[in-house]
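Engineer: These are the residues of each chain, in order.
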Amino acid sequence: MKALTNINASSFSDAVQAAQRARAAGQAVAFSGGGTDLLQQIKDGTDPADVIINLRTVADARTITSDSGGVTLGGLIALSELAADPQVITSLTAIAQAAASVGTPQIRNVATLAGNVTQRPWCWYYRNGFNCYKAGGDECFSVNGENGQHAIFGGGPSYIVHPSDVAPALVAFDARFQVTGPNGERELNAEEFFVLPITNPERENSLAEGELLSAIRIPSVAANTFSTYQKIMDREAWTHAEVGVATVIQRDGNAVNNATVVLSGVAPIPWRVEAVEDFLAGRQINAATASEAGELAVSEAQPLAKNGHKLPMTSAAVERAILSLAAG
Amino acid sequence: MRDKSKPGPSETDSSVNYLDPKAQSRRDFLEGTGAAVVATAAASSLGVGVASAQESSRSARSAISLTVNGVDHSLEVDDRWTLVEVLRDQLDLTGTKIGCNRSECGACTVLMNGQPVYSCSQLAVWADGADVRTVEGLALNGQLSPLQQAFVDNNGPQCGFCTPGQLMTATALLQDNPSPTAAEVQSALVGNLCRCSNYNAIVEAVVAAGDQGGAA
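Protein chains in written order, with our numbering: chain A, 7 to 334; chain B, 71 to 286.
Quick caveat, the hints were computed from the structure, so don't treat them as lab data. Computed from a prediction, not measured in an experiment: that's the story for all the values here. Be careful, since some hints might not be right.
Examples of chain A residues lying across from chain B (beta carbon under 7 Å, computed) [what the hints assert, rightly or not]: (1) THR11; (2) ASN60; (3) GLN112; (4) VAL116; (5) PHE232.
All C-beta atoms in this analysis are idealised placements derived from N, C-alpha and C, irrespective of residue type, glycine included.
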């Protein structure tokens, strides 16, 4: 591997300052949680880091804390810890299921929540060194190329799909993203945190240079709220979602009071389908409702030449998710 | 050539006569050949270029401590070295394999603080203070672990390259779940590929080890 300098950060502000110093010295800097994907990108040459700021040494960044306002998930919590936490399994089920669906046990044991949410796209052009928008270039090679795993919503000028399973589950629970940077801390909602390529084709979120995602806050969840994350892959394990759907439904019996439905694997950001959410409000969960919701989920899809298969997959995933949240 | 005084796997046992070609291991032969090739290159006109390239890419170094298979080590490592590189190249624990070197195949799986991780995708500096267990740490007093014995009895290894990683992941599984079903074994081992495709025998071996009382 290329020459690297590792700096162990004692706090998030320490990490931010270390990054500023290294950048001022002309070095490329990367923050590292689990580091699995980062090391891969460095080995491949798709991340130019000279200096790695190791965040595993940040104290108290790996905890789950509750108060009257909700739950705060430390950015450095491992996906395996998130997937096994009794409170998360019970009250934030979709988040636990999404975390459990990522990669392999070996990856989940080190991969962090913040790292999963901010990892770079897995588009095969970007990952193989093409000078595309994501690499700072001015072209998306998927448009006229191999676009079987690219966006059916929100694409243009880049058509990547957001790689995170956990992010749509967080968005479905109205998560707030806590960011630490040179100017201190700020908290963003999902619409502020995730960025479509029409706004910035190079990055997937609004983290500025030198900023990092330090924690996720989930507001209190109402009683009788149920959630699920359904993931369809092109093999049974160890890959990204062809289509995923995080669904949170608050209901009385089978009568839906409100619902959030957020897709993964189909858009450059976690993709909320408000048409489905509006449709579900006030309806009974049954086969007819679920089927119609599935159809509605793709009514505004704009498939590319080779990713039309994602439309029926999306409909099926949404239908299954809703039915799985029926009472009794 | 390897420093025979370092702690290492059983093949460095001093009872082996390294002067007897028939007693020499495949690894020692390959290492010896490799050293000869390097020596030739260094003596050629290419030598100067190679040396300066190494100079310009010098990495920062850090002092770390690792406990590996119960033995404490204080080491100075290049920041760029991965955990598997330190295990194999510094500690001579070559049981852990480098397969894909990109978190995909699982041949490099070791237990870090009891949990299976890909040692190819961990910098050694990140493992500072960790308790690491490799395949060399499974047998006790020359006695294979029940899981290792089950791999032998059920023909778990074919070419054997993935076996150390399979054993480590399965060891962690059996510690959490001493009698797993075949489906639970398949689920736990999804991150360990076998390119001989000997999956059925591997799953049978882990299930059999569970039936016989687990990993320990």
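Engineer: All hints are to be evaluated individually against the structure, with a verdict given for each.
Structural biologist: Evaluation of the provided hints:
At a threshold of 7 Å, the smallest CB-CB gap from THR11 of chain A to chain B is about 4 Å, leaving the interface hint in force. Contact between ASN60 of chain A and chain B, as hinted, is supported at the beta carbon level, the nearest pair being about 6 Å apart and thus within 7 Å. Using the Cβ-Cβ criterion of 7 Å, the hint placing GLN112 of chain A at the interface with chain B is satisfied: the shortest such distance is roughly 5 Å. Restraint check, VAL116 of chain A versus chain B: the minimum CB separation of about 5 Å is within 7 Å; hint holds.
Evaluation of the PHE232 of chain A hint against chain B yields a violated restraint, the C-beta minimum of about 24 Å exceeding 7 Å.
The structure fails to meet hint 5 from the earlier list, while all remaining hints are met.
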